[in-house]
Structure formats: C-alpha cells, structure tokens
Amino acid sequence: MRYTFKTMMSVKSLCAYIGAVSILLLVAGCASKKAPVQQFYTLQYIGSNEEPMQGSVGLANAKIRIADISTAAYLTQTGIVTADAAGLIYPANYHLWAELPAVAIKRRLERCVLQDTESQRKSQLIQVQVHTFQGDGDGGVVFGGVWTSTLQGERSANDTYLFEYRERQLGDGYSALVAALSQSVQMLCNDILEKT
Amino acid sequence: MENNGQKAKVSKRKRISAVWLIPIFAILVGAWFVYTEYQQQGNEIVLHFQSAEGIVAGKTKIRYLSIDVGEVTEVELNESLDAVEVRARMQPGVMPLLLEDTRFWVVRPRVGASGISGLGTLLSGAYVSFNTGVSDTPMRTFIGEEEPPVSPASAPGVRVRLRSDNGSDMQVGQPILYKNYRVGQVESVQFDHESEKLMAQLFIEAPYHTLLNSQSRFWNSSGVRIKSRASGFEIETGSLETILSGGVAFDIPEGADEGMPIADNALFDLYPNRESINQNPYEYAFDLIMMYEGSLRGLLVGAAVEFRGLQIGNVTEFGFEMFDQARLAELTQGEEIAVPIRLRIEPARLVGEDTQENIDRALLGISDSVRLGMRATLRQGNLVTGAQYVSIEPLAGADEGQLEQNGDVLMIPSQSSGIDLLTNKFGDTLDKLNAVPVNDVIAELVKTMNSTQRTLRRADTMLTDFSADSTMYGSVQESLTQLRTTLKTVDQLASLLKEKPSQLIFASPRAADRIPRGSSR
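Residue numbers (our numbering), protein chains in the order written: chain P, 169 to 364; chain D, 11 to 531.
Since the hints were derived computationally from the structure, they do not count as laboratory data.
There could be a bad hint or two in this list.
[As the list claims (entries may be wrong)] EDC-like, lysine to aspartate or glutamate: derived pairs with alpha carbons at most 20 Å apart:
(1) P/K363 - P/E322
(2) P/K274 - D/E215
(3) D/K498 - P/D359
(4) P/K363 - P/D340
(5) P/K290 - P/E332
[As the list claims (entries may be wrong)] Partial chain D-side listing against chain P, Cβ under 10 Å, derived:
(6) K189
(7) Q487
(8) I525
[Unchecked claim] Footprint (simulated), chain D over chain P, 3 or more residues, beta carbon under 8 Å:
(9) 260–266
(10) 274–281
(11) 313–323
(12) 329–338
The beta carbon of each residue, even a glycine, is placed where N, CA and C say it ideally should be.
Kindly produce the complete structure, drawing on both the sequences and the hints.
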C-alpha cells in the first residue's frame, strides 16, 4: 500500500513539472522572433599544382613541418571577423568558421608544404603567429603576422619573417571573403616554400 | 926279499849306503813341503761377531780391497755362548795391516738410508772385509762390526762428536753438509742413557775438515722446513739426499768471526734448524720483561726484537707460566691483566763488540730512551700470517717512564700498538656490519630497482607520448584550445547573464552580420 501511494505522488509531481515547462516554452516562443540561419565556412584549396593527398608522408621525408599556430585573442572564436576603416572588428554571429582559425590555417599550410618531399632542403619546423586574419572593410582581406623557421635539432629559430598579405575580395558576401583569405594563406605557403 | 910274514890286516871300511840318501831326501822334501804349507797358511786371527750369518768355515773369504787375503777356518760359539768366534788364516803379507784399530765386518746385502750395498754377495756369498787402522800396535783378536764402517779409520779428516736432545735426529750414514755440499758423514750413533742425549760420531773428510772450527754450529737439515715468520714464509731445504734421508749441516752463525781450529773428538751440540744457530750468537746479552696488555696472537718464541727496524734480539719466552701467581700479581701491580714476554737483547747486534762493557752502555742508552718515551710494543710483521714481532720505539703520547728492576727481572714499559687499537676498532666495525640485515636490505634494494625500472619505462612511454610530434601531444593541445574557447564562451555568457538575467529565458536576438563588400575594382 505504501509503495502504491508513493508511486501515485511521483506521477502527480512529474505532471506538474511538465505543465510548468510547457507554459514557459509557450511564453518564450511567443516572445521571440525567427533568427537567421548559421553558415559555416572552411578555407579553400587554391594551389594549382596540388594533388589530392594519397598515402602517408613520413616525418623523415617531411622537410617542412608546421608547428601549432597561435592567433590573436579575437581570433580564438569561430565567428568570421571583419573590420571597418576605423579598425573596429566585428565577429560574425551567423557566418562562422567550421573550426577555429588557428586549426584551419595549420591544416591548410600542412596540406601545402607536405607536397614537397623530394627537395634537398634541410628539415625545418615552421612556427606561425597570426595577428590579422579578417576582411579589411575596404573590399579586401588582410592576413598578417610572423613566421619563423627552426632547423631540426636546433633550439632557436634561424630565420624570422614578418608577413602581411592583402587580397582583393572578388564579390560581396562571406564566401568571397573566405576565398580571399584562402588565397592569402596560399601566399604564405608559397613564401615558406621559397624562403626555406 | 925278506917277508916278515906279517899279514896285513885288512879291515873293511864301513861305508854308508847311498840308499840312505833317498829317505833323507824324502825327509828334506817333506820338511820343505811342511814349511811351505805353513808359510802359505799364514797367521791365524780371531774375530768376534754377534752372529755367524753367512759365514761358513773353509769357504768364507776375508777380503781387503776386494782381494782375497785370508779364509775362515773355523766358526764356533764363544765360551760364554752369547756370540760367535770366527778363526781365520791371513796371508802373511797382510799381517802388517792388522792393527789395534783395524775393523772387521761381514759384507752382506744391505738396504739402508745410505743406499743398497753388497748385492754381489747374493751369488758369491757373504765375505769378511776389513779396513786398516792407524795404530802402531799389532793385534790378532778383533771385535767385528755389525755394520760396515762408513769411513776407514785411516782416512784423512777429523772426527767430532755431536750431541742432540732428539733421538731421531741422526742416523748412521747420513751426510754432513757444508753449504749443501757433502763433506762427511755420520759414522756412529748411540743414545747415552745417563745424559739422555743422542751422541753421534761424525767424520769430516779432508780437506773440508778445515772448515770446521770452534765457532761452527751443527743443525739438522733433514727434509723441508716451511716456517712462517714476520717477514713472510721461509722454505729451508738441504740437498736432495737430505730431503729423502736427512742429514746434518754446519756453518758459523751470521756475523760471527772464524773460530779456532778444533781437535779430534771435539764435542758440539746439534741445533734444530739453521735459524736457531743465529738466535743467540752472542755471548753477552741481557733479558728484559715487558708486560703486554694487548693480543699476543701471532707472536712466536724466536720472534725478532727490533729497534727502529734493526734486530737487536729475540723473544725467548712468553706466557703466564713464566712466573707464579704471586709474582705475576706483583709484576702487574694489580692492574690490567698483562702477559709477560721475555726479550733477550744482544746489543752487539746493533753496535759495539760482544763485551760486558757494551751491555752496560746499552742498558744506559735504553734507560735514557725509555725516560723520553720509548716503549716496547708488538707490531704486525706479516698481514697474511699475522706474525708479530716486538718493536722498541718511541711512541707518540707516551709518558715519561723508566726501566724498573723488580726483583731479578728488569722490566721495560710497554704500550699497545696503534695497529692493535685500530684492529680492535675495525673488528667492532665489522661486528656492526655483520649485524646489518644485508640480505633484507639487498632484497628491498632489488625491489626498489625493479620498481624504478618499471617507473622509468612508463615515464619513457609517457614522454614519448607527450613529445611534440606525438598524436597525444597534438590532441592535448587541441583539447586545451577548445577548453579555452569554451571558457571564453562561458565567460561571455556569464557577462551576458549579469547584465540581463532575463536573457536566459527571454533571449534577445543577435544582430545580423555585416555583409563584407567586395572590391569594386
């Protein structure tokens, strides 16, 4: 008997909770309006001579390796950033990177430099610090920062380069912005291959 | 012609018949034969032996230098019936050899320490031999020797007597050595029951007898002697012959001068070994008693007494039995139990001549040195054997002392050596080490090492996992980055809720994104 009574009390409490939550959801639904749909972007492969990655690339053959990329604080979020002429930045709320920019840039650079396994250059580690990676509010994009190369077995970098690539955005919208940023990343890859 | 009618007397003259010449001639011839036979028989001698073994009348010959010079004619018991009387005929030509000290013996096959002899008599039978003497008195009756004499009485050389306390030290025929070269032999040995000593007669052949003098000392060189001394092990052997059959050697003690020539039949004492003849070569010496409180393990009678590394004497005896209990208590003066050690000091070993004046000077010098801190102590002479010797030397920290005349003994102060103390401390340390549970400690150590090895392997694996190139390292870095992003989002949310708590339920719509414009060019 006592067991039956307790069970009946539990059912009553659960119904009360469900009712209260339904009322709240109804009120909230009446109070809100329809939000825009979020869109996610990835960096594009721009290299003309890149072939789809096949097989594995051993570390011994990888002459250039990309270390983890550090980015400015405002880039440690997934909203695509644009700036205006005054330098104000605006992270997008509905146009987002599919992954953090640091991860996306590293992935893109690795894909680029690992194509080179036959050259006679010495093995090096590339470290990149990204200061700007956004639309410049003037019809273009800017990708800037510092990269260093360290010979294998060495403790300190043997070369340090400042870089800032500006590309024109061909067309309006975030897709064109992402394409321009992808092109700037490709330019960085080309420079790395050339200077190391 | 007148004829007086006398008739002449005719007498018939008697004449000896010539026939008689024949018997006369026969008699003369017979007498000649008798005389010749008598001459050929020679003179008769009488020999007395303990036994007639191998002697046969009419057959056994008497030989001298392996030439038959006589023959046994009769063998019979003597009057007392306890020995054998042998009569023999000797050729007349050898009679001058039969003198008072001529010795006869029976040659039979013999096997002894000096070798095997007389093998030729196995077929020919025993014979009697002799060697001549040097006496001027002719003799016809002799006491035969039971053993062949080792050297003839007429051989040039010198005979001396040797006295020993040990009845087995010498045997007839054993060699006498000088610097391991055979110069003579033991001729006879007998035990004197009155003095209870073994008396032996030695014969030293010429010209080596001149090596023997009044300073010479004989020692037993039998076999091989291995002795542990403070300076190490010492092996002492004679020739191969003495190793097998024993022997006696003689020399003068080290450092002693040549003595005077000796007369025949001089008496010497036999020392047990070569070392012992050098023990007390000096006539003038004095004894010191040291009462030692340390361990005497390794100390032997005869151990050296040294002064700054130079031997000045020997330990002659030690032990509690040197004195009775009352005397011992008097010497120790009721303090720590100390063992008395008697030291024989021979100052002439170090300096000066072997005179009483040198003794007096040495006592004075030692007395002064003891006053300034010199002490007698025991030192380790050989780490392997543990042999010790007595060292008289100045010891650091020693108080002023003095030679003390206590009754009939002269006592020198002693002190336990530093090595003795060090040895005791080292022994204590070893005891403590022995008490350490080494096996348990080692077992724990092995466990610890195994655990450490496992830990190091895991650490190595982890370090490999966390190297900059590893997958885990990248994964952790990515996770940290995502965590940082999440925290930033939470922070933004917290700020938002702080400003607008109703935002949790009534969320305000986000502003629309700015549309980036492309280049107009």
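Worksheet item: Which numbered hints does this structure break?
Response: Hints 2, 3, 4, 5, 6, 10 and 11 contradicted; others consistent.
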